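*Asks:* Read off the chains here:
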Amino acid sequence: MPIAHVNENADARGISDDDLALWRKKERFFRAIAAASSEIGYANLAVADVLRYAGMSRRTFYELFEDKEDCFLQAYDAALLRIRMLVGSTYHRAEQLPLRRRIELCLGELLAICAAEPELAHLCVVDVLAAGPVARERRDEALAEFAAFIEHPRSEARGTTAPRLVCEAIVGGLYAILYRRVARGQAAQLPSLLGEMMDAGLGQLVDADGEV
Amino acid sequence: MGGRDDERESLLTGPWMRPHSGQLPAGRHGLSRDFVAESQRTRVLDALVACVAEQGYPETRVTDLIARSGVSRKTFYELFADKEECFLAAYDAAVTLLMGGVTTAYESEDEWIPAIRAALAAFLDFLAQHPELTRLCIVDVHAAGARALARRDAAVRGFYYFLDAGRGDAPRALPGLTAEAVTGGMYEVIYGRVLRGSTADLPRLLPELVYWALMPFLGHDTAATEMERLREQQANGRSPPVAAAARAAGLQEAVDGEQLVTVPPRRSGRRPKPGDSGA
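Read top to bottom, the protein sequences are chains U and E. Residues in the first sequence are numbered consecutively from 6, following the numbering used here. Residues in the second sequence are numbered consecutively from -15, following the numbering used here.
Worth double-checking, as some hints may not be accurate.
[Said to hold, decoys possible] Partial list, computed: chain E residues near chain U (C-beta under 7 Å): (1) L63; (2) L161; (3) W196.
[Stated by the list, open to error] Stretches of chain U that chain E covers, calculated by requiring three or more beta carbons in the stretch to come under 8 Å of a beta carbon on chain E: (4) 72 to 85; (5) 157 to 171.
[Said to hold, decoys possible] Sample of chain E residues lacking proximity to chain U, with all beta carbon distances greater than 10 Å (derived): (6) R17; (7) D76; (8) G84; (9) E93; (10) Y145.
I should point out that these hints are in silico values taken from the structure, not numbers from a laboratory. All of these numbers come straight from a predicted model, not from anything done at the bench. For every residue, glycine included, the Cβ atom is placed at its ideal position computed from N, Cα and C.
Working from the sequences, and respecting the hints, build out all of it.
*Replies:* Structure representation (structure tokens):
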């Protein structure tokens, strides 16, 4: 990546025009690889397909990425970064709400992203399992991160009476539910499952007062 | 993995199902065709399990399976259309064996909580005692194509039955996807341990996994009580469903005097509730 030179048009956020242009190009490739791999599957995907979906040149592709896997991994990381920020900010914004409601808003946010961007969801949830060992590791790390995210409300609601392992299990369960729907092209239905997903363990865990 | 081919038991048939051991003598031996084919099939499946454990599925070639099992190429292709068919057969055999042990353990108890506890204990013990099969079923299955994945999904759904029986004991109506969430969570926890090579430690997770299986159905308090009880037992060096776990693992001798247990057919309906409410 070229070192951004200082110029007078530098964006107020500190991003130079060059970097912004670079990022826009990458973004276009990310959308293309998500669309292409949810259409034809990651394994069957050639760089030529990504170029076709992006409407960009091979030269540009190889200026930005080493190969198909590199493009996929960067797309995955970018998507996860966005999800992490959106879900995290939801959690912090809702600080004054009861714990269960806060968690519900976060899960709702995640499901809304999947529904609004089904191809990206397909990339993050389904294709990531087929994109080689490195992608798999990233997925495992992401799940561990979500488990750590639930760890705070878990300990707040249950202290030592609920095992930490349950966070890992809850995230795995939600992942399985997402996977099945997204793989079948039913990402749009996910927001309607919010209540059910909350009642399948996560809600009971974080709602210490709600128990019958 | 210490054991070598010539001394270890067949992974897929186990000592109690296997009609004989080792490679049959070449030439005319007066054994029936089916008997020979079955023996060859078992050897090829065992070879597949061993090869996949060592090299992973993508790197395993039919040539490796032939070399390892000692059958001819012609025989291999009489038994299996290709490597994938062979993998699927091994996967199916492993799942049948596993589900047999789990079902037996589950059926050995009348009430849902002990039944789930016994089933989970049998499940974890089976995995711990068959690390190569476990890796094949939990990790390698993801690298073996779409048909293998479909088998995996079906196998996972097989566990819904045990869990959904808990609906009768639940204090309130539960969402339809509860069993899906619980099995998905179990899978992820186990997958992580298998990937890190700590398959042998899985039985130690019994108290926490029992908590996870019970909590969505019966609530935190009941699940936590059961977990604490199991932790205490574990600390005292006792694991409660010894008989069921041993049966599942094929260790008949551990079950004194008990007859060989065949796997009962799965009941299709909901498990009858013991009393009105167990919770």
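*Asks:* Does each hint fit the structure? Answer for all of them.
*Replies:* Cross-check of the supplied hints:
1. L63: The hint is violated - L63(E) has no Cβ within 7 Å of chain U, the shortest such distance being about 28 Å.
2. L161: holds, 5 Å
3. W196: holds, 4 Å
4. 72 to 85: violated (count 0)
5. 157 to 171: holds (count 6)
6. R17: The claim stands: R17(E) keeps its Cβ more than 10 Å from every Cβ of chain U (closest is about 40 Å).
7. D76: Consistent with the label, D76(E) stays out of reach of chain U, its closest Cβ about 21 Å off (over 10 Å).
8. G84: holds, 24 Å
9. E93: holds, 23 Å
10. Y145: It holds; Y145(E) is separated from chain U by about 17 Å at its closest Cβ, greater than 10 Å.
Checked against the numbered hints listed earlier, the structure breaks hints 1 and 4; every other hint is satisfied.
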